[in-house]
Structure formats: structure tokens, C-alpha cells
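Chains as they are written, first to last, in my numbering: chain A, 1156 to 1330; chain B, 34 to 403.
Treat the hints as calculated values from the structure; they're not laboratory data.
The model shown is predicted, which means the values in this text are computed figures rather than measured ones.
Careful: at least some of the hints might be erroneous.
To be verified - Mimicking DSSO-like on lysine-lysine, the simulated pairs with C-alpha atoms at most 27 Å apart in a straight line are:
1) K1211/A with K1221/A
2) K36/B with K1319/A
3) K35/B with K1211/A
4) K316/B with K334/B
5) K1243/A with K1255/A
6) K1306/A with K231/B
7) K35/B with K1306/A
8) K52/B with K264/B
9) K231/B with K1211/A
10) K1185/A with K35/B
11) K1221/A with K1185/A
12) K81/B with K1185/A
13) K36/B with K1211/A
14) K264/B with K1306/A
15) K277/B with K1185/A
16) K393/B with K49/B
17) K1319/A with K49/B
18) K360/B with K393/B
19) K81/B with K52/B
20) K1306/A with K1211/A
21) K1274/A with K1319/A
22) K1255/A with K1185/A
23) K81/B with K231/B
24) K1211/A with K277/B
25) K1319/A with K1306/A
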Amino acid sequence: MYEIRIHSRGGQGGVTAARLLALAAIHDGKYATACPFYGAERRGAPIVSFVRIDDKPIRIYSQIKKPDLVVVLDASVMDVVDVLQGLKKGGSVLINSAHKREFPGFSTSNVDLTGIALKENLIVAGAPILNTPVLGALAKMGIISVDSAKKAIREMFSDERNVKAAEAAHREMSS
Amino acid sequence: MKKIATGNKAVAEAVKQAKPEVVAAYPITPQTEIVEQIAEFVSTGELKSRYIPVESEHSAMAACIGASITGVRTFTATSSHGLLYMHEMTNWAAGARLPIVMANVNRSLGPGWNIWAEHTDSLQERDTGWLQVYVSTVQEAYDATLMAFRIAEHNDVLLPVMVNLDGFTLSHIMQPLDTVELGDYIPPIHLPFAIDPKNPAGYGGLTGPEQHFKFRWEIERSMRDSVPVIKETEADFARRFGRKYGFTDEYRCEDAEVVVIALGTLGKEAEVAIDMLRSEGIKAGSLRIRWLRPFPKIDLKGKEVVVIDRDYSFGFGGVLAGEIRAKCGVDVYSVIAGLGGQEVTYEDIAGFIRTRRIGKEFWFGVNDHV
Chain A
1156 MYEIRIHSRG GQGGVTAARL LALAAIHDGK YATACPFYGA ERRGAPIVSF VRIDDKPIRI
1216 YSQIKKPDLV VVLDASVMDV VDVLQGLKKG GSVLINSAHK REFPGFSTSN VDLTGIALKE
1276 NLIVAGAPIL NTPVLGALAK MGIISVDSAK KAIREMFSDE RNVKAAEAAH REMSS
Chain B
34 MKKIATGNKA VAEAVKQAKP EVVAAYPITP QTEIVEQIAE FVSTGELKSR YIPVESEHSA
94 MAACIGASIT GVRTFTATSS HGLLYMHEMT NWAAGARLPI VMANVNRSLG PGWNIWAEHT
154 DSLQERDTGW LQVYVSTVQE AYDATLMAFR IAEHNDVLLP VMVNLDGFTL SHIMQPLDTV
214 ELGDYIPPIH LPFAIDPKNP AGYGGLTGPE QHFKFRWEIE RSMRDSVPVI KETEADFARR
274 FGRKYGFTDE YRCEDAEVVV IALGTLGKEA EVAIDMLRSE GIKAGSLRIR WLRPFPKIDL
334 KGKEVVVIDR DYSFGFGGVL AGEIRAKCGV DVYSVIAGLG GQEVTYEDIA GFIRTRRIGK
394 EFWFGVNDHV
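Same shape as in the complex, but just chain A (with noise of 0.2 Å):
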């Protein structure tokens, strides 16, 4: 099983992350779930989703404790939040930022989720759109299929630009 925790702030996309990711793994012929933290979130506010992909169906509904992946869309919760916690000897950390990141033990991915829904325009409410880049990352890592990244944002969102984000992220994702 390979259980991933998303890091994002309420308002952000972050459990629309999730059930993208998941739902991508299941086009990909792998069961996943992806369930969001529910407490007394309210916009702004650090929250955690969570998602687990497997060969086998899935029986498990706590949270996960010990991610091998952590997804961090916005950098700033890591002021108020340690999102390494847990988090699994050797794991990976995906991080929304235009710089290159460390975390010593970790290997670490960085790709500029926000630069490139700012170049395609996705902004909603003001806020760029970050679910749908990332997913295109999260191919690059090898955790989906490209084909299924595409096929799971078609289904959720009819503008292309989702998907030309995603391709962007893909391509621009340092490794």
C-alpha cells in the first residue's frame, strides 16, 4: 500500500487533489480511497487530506500515520504544521515552490504549481488552481500514469487548461 498525505490550506483544492489522485489510480486498474480530514476547517486554515493507492481492495479508514509521500501544495503551512511527521524513512516530499527545497533523509521534488496556473490563467476566486497541476507532478513521480492524470481531469473539469497545467507541471517538474 502506498498512502499519500496532502498538505493544502481550506479553499485551496487540496481534497479535490486527493479525489483526482485517487481516482487517477483507479483508471491506472489499482484501488484507492482518498478521504479529507474533517474538523472545523474554514477557509485559510491548514487541513490535511489523505490517499491510498493499492493492489488489493482497501479496509483501512484511520488516518494515515506514516505517509510515504507528503504533498505540499502551500509552503506557508509549514510554519504552523510539521508535515514531516511520520513521515516514512526515506519518503518523498512533492512541494509546491519555484525554488529548490531539502529535508534531509527525504528526497525531495519541487515543481511551481502556483507559476504555472498563473501562466494558464486557472484562478478561481482569486486563488490559482493547484488540484489539477499537481497531478501532473505526481505522474512525473511515477505514482500515475500521465494517461490517467488526464483522463481523471477531463472527467472532473471540462476547461483543457487543467489539463494543459498538469502537461506543464510534467514537464517542468525538477526530479
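Based on these hints, arrange chain B on the given structure of chain A.
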């Protein structure tokens, strides 16, 4: 097509296919998504149904009762305080023998105000004459909702059915969902005593002491008669759509020396605990109770039993533990865990089984035995 859906959306999808003529509902967290989705289906014409937005859950059930007694298919959904606000009417629905189907998204009761999973809400309804089924996956929420209509409306049953799913844990998780081509799986509803508004008649006059008990017995007789109906409905579902269900969902129980019993998602996650314990050489099994009413026949002879209750009856104990003791003739290790969404992992469940003390009650997190 491969889909992904939340537990709530899966219920709404099943309702769309079952085509109730009337849906009356009032939103409440974490159930709101069900009635929002159904309202959308009605507004887009995907579901040709009369959607009655009411001002309370008491009225939601009253509207379903009024509609159902004219012989049409009805559905509602609620949770927690909404369910309790219906309580007078849930008794009426069963007593009037109306096959209403309701989804209840299990949530704790306040105060303290809490919106997360607990089973005390539906367990407070267990003596009303409703059939109750508890589900553990998004797929099962969809399948059980479809089956609920056929069971409720069967002429040997004619009692309402409540489909229970854990708040947030299941109502908001996204999992794969296979929808079915329903065909004639749910036959058209035919109520033998429906009121025709064009030819009005009255029901519910005073029932004297020489009659009342007969009506009560009729409810119990139908509850007993629902057992073969449930079996047949589930068998036909398996034949047509390939997914098997039963009164219980047993996992590695055959040679088990200790069995853990739970409802809902805890009962599913317990299977992972069982695999862990088996790899340690502990012969453990998991038995998830699906149908709480009518209560299933369960053979636990020669096994040690651990019951996890996500509920409590103050001054008595865990409700499920009490039912298992009474119906199965065994003592149990009673664990109270998961109240108000308290996090319980498969590792915690394995721990309950490893350190079991039959005859004792243990409150998880309080860490005391009584």
C-alpha cells in the same frame, strides 16, 4: 464505467435508480450531501420525483408517511439529532406498516457538540420496528440502499428500512463505485392497503386493549418473516450483479479462537487487525454485523468474543455487547471505542484483542477496566 464516489453520493445514486415518487428531507451534517444530490437529480429531471423540502426532520418523516400511505415509494435521509427529532414519526411509520427507506449517516449526539461518527443515534431507534442494516464501504452503501427498497416493500415485510453509514468516515470518503443496470430488480411497489385520495378513508382510530397487542405481534411476525426475504433479496443481488452480502460479514472466523464483533467501518478495518494477529500466530477472526434488526443468528460457541461498541447505554453498557450477551449466550470483552469520531486504528483493534479480559468493559482512551 469506473467511478469514484463518496458514501453519500453512492446512496443518492442508488435512490436515483430506485426512483422514489416522493423524497422529503431536511439537511444535517454529515448527511446533507445525500439530499443535495437528490435535489439536483430532481431539478435536472434525472429523477422524476416530488422533492418536498420541509422545515424539520419530524416533518420530513411525516411527509414520507403521508406519501407512503397512498402507496408510492418514499425516501428520506438524516443523521444524529435529526433522527432523534423524527423519533415519534419513526415509530408511526413502522406501526402504520409503511415501507419507507431512510439513510441515516451515523453521528454522535450532543452535547458536547460533535459531528463525527457514532452509532448511538440509530441504536436509540432499534426498538421502533424499523429494519436496520449497517454498511462498511461506498459500494455497500449503494448496494444496500437498492436492496432496502425491495425488502421494505415486500408483501411479507411492509416495514421501513434504515441504511446506516458512518459519518465522515464513510459518508465523505471516496472509494471506487460500480453502478448496476437495475432492470426489474426492484419490482413496482404495491401496497395492499393504500389510501386512494379520490376515495378517502381513515386509518388510525382508537385501538382498544383487546386489539392493540395483535398489531404489535403483526410487526414482530413481519420482522421474523423479513429474514427469508432479506436472504432471497441478497441472493438475487449476487446472482444478477455478482456481489454477495449476508446478515453478517465474517472474516477468517472458521478456526478462530477469538472473534471481534463491530458495526460499520470499524468492522471492516478490524479485518486488517485480524491479518496482523494471524501473522503473529493468534487465531483471530472478525464478524461484522450488517443487519441489527432483525438480529442475526450467530454461533459463537467455543470462541472468546471481543465486542467494539461505538455507542453507549448509560447505566448499562455497550449496546452491541448487551445484544451479543443476550442473544448468543456468551460473555464478552466489551470495548467502548470510536465515540464522536475518536480515532481507532487497526493496530488499536489488534491491541483490544491481544489484551482482552472477558467479562470486563474497557473504555478506549480512558484506559480503565470496569
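Task: Violations among the numbered hints, reported as their numbers in ascending order - done: 6, 9, 12, 14, 16, 17 and 22
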